[in-house]
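Asks: Residues per chain, in single letters:
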Amino acid sequence: MSGAIELVYLVSTALFIFSLQWMNDPKTARRGVGAGVAAMAAAIGGTLLNPGIVNWHWLGLAIALGFVVGVPLSWVPLTAVPQRTALSHAFGGLAAGLVGVAKYRLWLTEGPENLTAFRMTAIVAEVILGFLTFTGSLMAAGKLQELKWIPQRPVTYPLQNVSNLALLGLAVLCGIGVVWRPVEYAWMFPVVVALALLFGVLLIIPIGGADMPTVISLLNSYAGLSAVAMGFVLDNKLLITAGALDGSSGLILSIIMCRAMNRSFTNVLFGAFGQVQARAAAGEQKAVKTETPEGAAQVMEQASLVVIVPGYGMAVAQAQHRVRELYDQLTKRGVDVRFAIHPVAGRMPGHMNVLLAEAEIPYEKLVEMDDINHDLPQADVVLVIGANDVVNPAARHDEGSPIFGMPIIDADKARLCLAIKRSMNPGFAGIENELYTADRTYMLFGDAKAVLTDLVKQLSGGGGAH
Amino acid sequence: MSGAIELVYLVSTALFIFSLQWMNDPKTARRGVGAGVAAMAAAIGGTLLNPGIVNWHWLGLAIALGFVVGVPLSWVPLTAVPQRTALSHAFGGLAAGLVGVAKYRLWLTEGPENLTAFRMTAIVAEVILGFLTFTGSLMAAGKLQELKWIPQRPVTYPLQNVSNLALLGLAVLCGIGVVWRPVEYAWMFPVVVALALLFGVLLIIPIGGADMPTVISLLNSYAGLSAVAMGFVLDNKLLITAGALDGSSGLILSIIMCRAMNRSFTNVLFGAFGQVQARAAAGEQKAVKTETPEGAAQVMEQASLVVIVPGYGMAVAQAQHRVRELYDQLTKRGVDVRFAIHPVAGRMPGHMNVLLAEAEIPYEKLVEMDDINHDLPQADVVLVIGANDVVNPAARHDEGSPIFGMPIIDADKARLCLAIKRSMNPGFAGIENELYTADRTYMLFGDAKAVLTDLVKQLSGGGGAH
Amino acid sequence: MTLRRRLAPALLAAAASLPALASEPAAGPGAAPTPFTTMLYVLMLATFIGLSVITRVSRLLHTPLMSLTNAISAIAVVGSLVITGADHPPLITFLGAVALFASMTNIVSGFLITDRMLKMFKAQKPGGGKP
Amino acid sequence: MTLRRRLAPALLAAAASLPALASEPAAGPGAAPTPFTTMLYVLMLATFIGLSVITRVSRLLHTPLMSLTNAISAIAVVGSLVITGADHPPLITFLGAVALFASMTNIVSGFLITDRMLKMFKAQKPGGGKP
Ligand SMILES: NC(=O)c1ccc[n+]([C@@H]2O[C@H](COP(=O)([O-])OP(=O)(O)OC[C@H]3O[C@@H](n4cnc5c(N)ncnc54)[C@H](OP(=O)(O)O)[C@@H]3O)[C@@H](O)[C@H]2O)c1
Ligand SMILES: NC(=O)c1ccc[n+]([C@@H]2O[C@H](COP(=O)([O-])OP(=O)(O)OC[C@H]3O[C@@H](n4cnc5c(N)ncnc54)[C@H](OP(=O)(O)O)[C@@H]3O)[C@@H](O)[C@H]2O)c1
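Protein chains in written order, with the numbering used here: chain Y, 6 to 471; chain U, 6 to 471; chain W, 549 to 679; chain X, 549 to 679.
A hint or two may mislead.
So the derived list for chain W, only partly shown, Cβ under 10 Å to chain U, looks like this [as the list claims (entries may be wrong)]: (1) Met-668; (2) Ala-671; (3) Gln-672.
Result set (DSSO-like, lysine-lysine): computed pairs, CA atoms no more than 27 Å apart in a straight line [as the list claims (entries may be wrong)]: (4) Y:Lys-370 with W:Lys-667; (5) X:Lys-670 with U:Lys-294; (6) W:Lys-667 with Y:Lys-294; (7) W:Lys-670 with Y:Lys-418; (8) X:Lys-670 with U:Lys-32; (9) U:Lys-370 with X:Lys-670; (10) Y:Lys-418 with W:Lys-667; (11) X:Lys-667 with U:Lys-153.
Per the computed footprint, the stretches of chain U lying under chain X, defined by three or more beta-carbons under 8 Å from a beta-carbon of chain X, are [claimed, not checked]: (12) 81-90; (13) 140-152; (14) 155-163; (15) 190-202; (16) 266-272; (17) 407-418; (18) 432-441.
Because the hints were derived from the structure by calculation, they are not lab data.
What you are looking at is a predicted structure, and each value in this text was computed from that prediction instead of being measured.
Glycine included, each C-beta is placed from N, C-alpha and C at the ideal position.
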């Protein structure tokens with residue numbers, strides 16, 4: 006019986022690992038999801054084999070509700086994926102936290118002898134991680150959703166970091182108290198919970214909206230760690246393993262992002278990034294040359310290699326399908342069109358890939374930064390669509406710039422650069438971009454979708470297609 | 006106390022994993038060995054923390070002897086590495102087997118209640134794997150050392166495979182017997198041991214000398230598995246993990262070899278390869294063109310790209326240092342010299358790399374098969390040194406050939422091919438090689454070392470170096 | 549009637565290695581909880597696997613990866629099931645049920661949206677159809 | 549005087565998770581041997597690690613890899629130490645000692661020769677010295 010459950014968990018673990026392994030290639034990725042589903046089903050099924058399970062009505066209810074809410078949550082537009090992810094991290098944290106609380110209450114009332122120092126430590130860790138993930142992720146989701154009542158720009162006040170850390174320290178102290186005297190100091194437990202919830206909020210407040218993706222990934226690994234802690238509490242290897250997989254994923258993704266932004270964790274978490282620069286952005290504007298859709302269309306028609314650099318703006322404007330049409334028009338004319346994908350273009354790692362894939366652009370055409378930078382000097386035209394920081398040459402030469410050292414796409418090295426954006430406003434980093442005032446650059450002002458529609462009209466008209 | 010040991014084992018495990026991870030790059034590889042040593046030291050130290058350890062004199066003696074024998078064993082010439090590896094697999098198998106026997110005897114006499122079905126199964130597995138690895142590896146070592154009294158060519162007799170498998174089956178049956186009634190059927194235990202020892206011998210007899218490397222790798226993974234089994238017996242996670250690492254290594258290496266030879270495990274183990282072909286080799290000889298060292302030296306001097314294809318012959322002739330001198334002479338003249346490394350050239354995976362590295366040829370010059378095959382059509386001269394099967398074009402087109410489908414180095418595509426070997430005798434696969442009778446091929450007959458010495462003399466004379 | 553009584557027989561059978569219930573009070577010391585070091589050991593191995601597997605995920609798929617791991621982190625469902633399912637005081641059961649609801653939501657939405665995204669990734673085919 | 553008597557005190561302390569001695573008779577059932585499934589679990593994780601790590605070993609280094617894993621497989625030394633070291637009848641001790649000798653030989657020669665081979669692999673440096 007129990008052995009059976011253990012074996013089911015074993016299979017489940019293996020499936021989880023395969024699930025992530027198959028994500029290394031778009032061809033096998035969907036099989037990966039299948040494996041993941043199977044693994045989760047096995048985990049649930051195995052657990053239900055427990056003789057201890059009796060409250061079937063409660064289980065049914067909660068599970069049913071989960072489906073009712075979960076299915077619609079999966080219909081969100083791709084631009085809202087970051088918010089959704091943040092939101093479900095919040096759910097994950099909540100679940101972990103609640104289970105921790107429940108276990109503690111249970112043992113406190115029904116068998117204090119179970120509250121060993123080891124288990125209590127695990128419980129406290131689980132609860133702190135869980136609840137700070139909960140409120141933290143909610144805040145993150147709010148900032149990403151750009152809710153009115155949650156400030157986008159980092160909110161800072163004197164001694165902020167100090168007081169935050171002090172708060173966390175206090176939570177940990179109380180935690181130690183409960184670990185030391187689980188029964189006598191039981192009253193400290195709610196305090197720990199409350200402090201964790203509060204800390205989650207304060208942790209996010211000073212972080213700029215666009216830094217959220219990094220934060221989300223970090224919260225992702227916290228969620229994983231809390232699952233690990235739960236595993237220690239419940240003496241469950243499956244939880245430990247899956248939690249570890251999750252934790253490492255979040256960790257690695259956030260590291261990748263920080264590298265691609267050439268910033269450190271501390272800078273992301275405590276740097277209040279995108280605040281100072283906000284002022285810098287209000288600098289005077291240099292002379293810029295603009296180009297008409299007609300002109301732009303002609304130039305691209307005659308080009309032999311066109312490199313398209315999509316950015317956050319394309320995501321905001323939902324312009325990926327227009328991009329696809331442009332791609333079709335140009336390839337129809339024998340123009341070689343490639344996409345230059347910066348690892349942190351947009352607001353999530355791999356954001357651009359998903360959007361362009363949605364528009365059914367074959368993924369062989371999505372070239373990674375380092376590879377495309379070799380070809381750019383040969384490119385006749387580079388078309389920047391709502392990208393800014395990821396093509397800002399200042400990152401290469403201007404020590405003073407906040408993004409100095411961040412690897413960028415060398416759009417300025419192409420023979421000609423066309424840039425679609427609505428204004429001369431800065432991007433996420435909030436800094437001027439000399440690319441737009443360069444000699445070889447011509448601006449196409451307007452909403453990305455609108456401008457691209459014009460371009461396509463020009464081409465289809467000119468080319469007599471449709 | 007016990008917890009301490011467990012933690013030491015934990016560290017040891019981590020170090021073992023790092024040790025193998027660092028083997029992914031020559032730069033970090035030596036650190037890998039360091040980690041391995043540290044891991045082993047931790048494993049030993051941790052075990053000695055056992056309060057149960059009392060026989061210090063015995064321990065000291067055995068360990069000292071281990072050093073006395075081990076140190077000289079590490080001085081063997083690189084050409085003897087395969088034998089040495091086989092030999093120490095034998096030792097490994099022996100150790101595992103003996104520990105199994107000891108544990109069984111111990112429990113039988115001092116606490117039969119410990120002989121649970123689970124433990125007995127593990128013990129039997131350990132013993133069978135251990136002892137068959139022991140004798141099997143000894144045989145392999147003998148064949149590789151080309152001992153007189155061990156036949157090189159596969160020895161076959163009717164019903165061989167059937168009877169072998171029957172033998173193994175019998176061993177397993179007796180094993181099941183002991184598992185079922187550990188005490189009553191104790192007499193079956195020695196039978197199992199005996200059968201395992203015998204099976205090891207019979208398993209190797211029908212396998213040709215040059216297939217040994219594959220077999221060694223397989224035996225390597227058996228050794229790993231027996232360590233795993235020991236881990237199950239002794240309830241020791243460190244043993245399980247290290248054993249698994251070892252097992253997968255052996256498995257993967259043998260798979261790589263089989264792929265590179267385009268053969269299956271069954272074919273290697275039961276195919277009695279290199280026997281039939283032996284006759285085929287006795288075919289009539291076609292007309293061959295030979296070249297003098299002088300001529301060869303001149304051709305290479307004028308070449309701009311020379312690709313050297315080393316093979317087993319270079320290893321036998323110990324010619325790697327001469328090769329190095331040739332390399333120096335040519336590079337001095339501005340000739341671009343590269344080495345084409347076939348994964349199964351020689352008699353071990355990576356055999357050529359080690360030999361050429363010994364001669365201090367920078368490893369950037371050692372190019373893998375697939376990469377060099379792109380360059381070969383541009384090569385002015387390809388110099389084949391004691392290689393045969395790995396450059397046999399029959400593998401590409403002749404369905405009939407035993408090596409058909411095996412990926413090869415396209416030496417025949419170069420503008421000119423020079424081949425150093427002692428005769429027209431075939432190589433390991435025992436088949437004719439049309440490359441040596443091709444129009445663009447000229448032979449340099451003689452021992453690789455001698456011929457290369459001439460070549461170098463020509464060049465240094467001509468070039469006026471030294 | 550206490551949990552102890554009701555579960556006792558089942559637990560005798562389930563003893564030793566039933567992870568979820570092993571830590572239930574009724575199980576007590578009898579159930580020989582896995583030693584701390586063993587769990588640490590599992591954690592370490594799992595972390596090695598996680599790091600090596602994730603670093604090899606295709607950059608193309610980092611967004612789907614986020615939502616997939618998001619679903620996987622809902623493994624907390626195991627804990628929620630045990631809490632909710634076992635016969636406990638209402639408060640506990642309620643907490644468990646909320647946790648279970650939250651986890652299920654993540655599982656369902658996580659896997660669905662991951663698959664939805666992956667469906668979009670298409671290799672180049674001669675004249676691939678427009679949206 | 550039996551092993552049981554001598555080791556008893558130590559074992560009481562060492563109980564529960566002392567892997568090497570946990571299976572000694574004296575420990576008996578008291579030592580709560582790790583459940584089969586847990587070991588299987590560890591084996592599975594370890595195999596995943598092994599396969600992924602080995603497949604990434606540089607092809608250049610396959611020969612050193614063979615001798616390195618060769619040394620690692622001598623981890624059987626742990627078993628030999630326990631057998632030889634504990635106070636057992638002479639025959640057992642002798643068997644253990646032979647096993648220990650064999651393992652030590654592998655460890656020593658395995659690591660030494662691996663390092664010897666790896667020392668040879670040199671990157672290209674301007675005018676790298678001749679042998
Ligand atoms: N991807 C990640 O994981 C991640 C994580 C954290 C931070 N970040 C940061 O996000 C930034 C991403 O760089 P990015 O170049 O992709 O974006 P960006 O630097 O934020 O620039 C986006 C540009 O798009 C333009 N834009 C906005 N809406 C538009 C619309 N509807 N039509 C046309 N243009 C529009 C904006 O200019 P206008 O307002 O003038 O139109 C803006 O300059 C980087 O700084 C990166 O460090 C990314
Ligand atoms: N590397 C592995 O892991 C591995 C494992 C199992 C099997 N194998 C097999 O081994 C073979 C390796 O191919 P290979 O081309 O390297 O070797 P090969 O096919 O065995 O040919 C070696 C050639 O070297 C010549 N030779 C021998 N001694 C010589 C000397 N002193 N001076 C000059 N030439 C000498 C021999 O011709 P003469 O007698 O005329 O001189 C022979 O034709 C493949 O068939 C492979 O499948 C390799």
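Asks: Take the hints in turn and mark each one as holding or not.
Replies: Structure-based check of all given hints:
The interface hint given for Met-668 (chain W) is violated, since its Cβ lies 33 Å from the closest Cβ of chain U, which is over the 10 Å cut-off. Below 10 Å, beta-carbon pairs count as interface contacts, and Ala-671 (chain W) has none with chain U, the closest being about 23 Å; its hint is therefore violated. The closest approach between the C-beta of Gln-672 (chain W) and any C-beta of chain U is roughly 24 Å, which is over the 10 Å cut-off, so the hint fails. For the suggested pair Lys-370 (chain Y) and Lys-667 (chain W), the alpha carbons sit about 17 Å apart, so the restraint of at most 27 Å is met.
At roughly 38 Å between alpha-carbon atoms, Lys-670 (chain X) and Lys-294 (chain U) are farther apart than 27 Å, so this suggested pair is violated. For the hint pairing Lys-667 (chain W) with Lys-294 (chain Y), the CA-to-CA distance comes to about 41 Å; that exceeds 27 Å, so the pair is violated. Between the alpha carbons of Lys-670 (chain W) and Lys-418 (chain Y) the distance comes to roughly 30 Å, so the proposed pair goes past 27 Å and is violated. With a C-alpha separation of about 9 Å, the suggested pair Lys-670 (chain X) and Lys-32 (chain U) falls inside the 27 Å cut-off, and the hint holds.
For the hint linking Lys-370 (chain U) to Lys-670 (chain X), the alpha-carbon distance of about 11 Å falls within 27 Å, and the restraint holds. This hinted pair does not check out: Lys-418 (chain Y) and Lys-667 (chain W) have alpha carbons roughly 35 Å apart, beyond 27 Å. Distance hint between Lys-667 (chain X) and Lys-153 (chain U) is unfulfilled; the C-alpha atoms sit about 34 Å from each other, more than 27 Å. With 5 residues bearing a CB less than 8 Å from a CB of chain X, the region 81-90 of chain U meets the requirement of three and the coverage assertion stands.
A count of 0 residues in the region 140-152 of chain U with a Cβ less than 8 Å from any Cβ of chain X is obtained; the coverage claim is therefore unmet, three being the minimum. Chain X is given as covering the region 155-163 of chain U, and this is violated because 0 residues of the stretch bring a CB closer than 8 Å to a CB of that chain, at least three being needed. Only when three residues or more bring their CB closer than 8 Å to a CB of chain X does the claim for the region 190-202 of chain U stand; here the count is 0, and the claim is violated. Closer than 8 Å: that is the beta-carbon criterion, and the region 266-272 of chain U has 0 residues meeting it against chain X, so the requirement of 3 is violated.
Counting residues of the region 407-418 of chain U whose C-beta sits closer than 8 Å to any C-beta of chain X gives 0, which falls short of three, so the coverage hint is violated. Residues of the region 432-441 of chain U with a Cβ under 8 Å from some Cβ of chain X number 0, which does not satisfy the need for three, so the listed coverage is violated.
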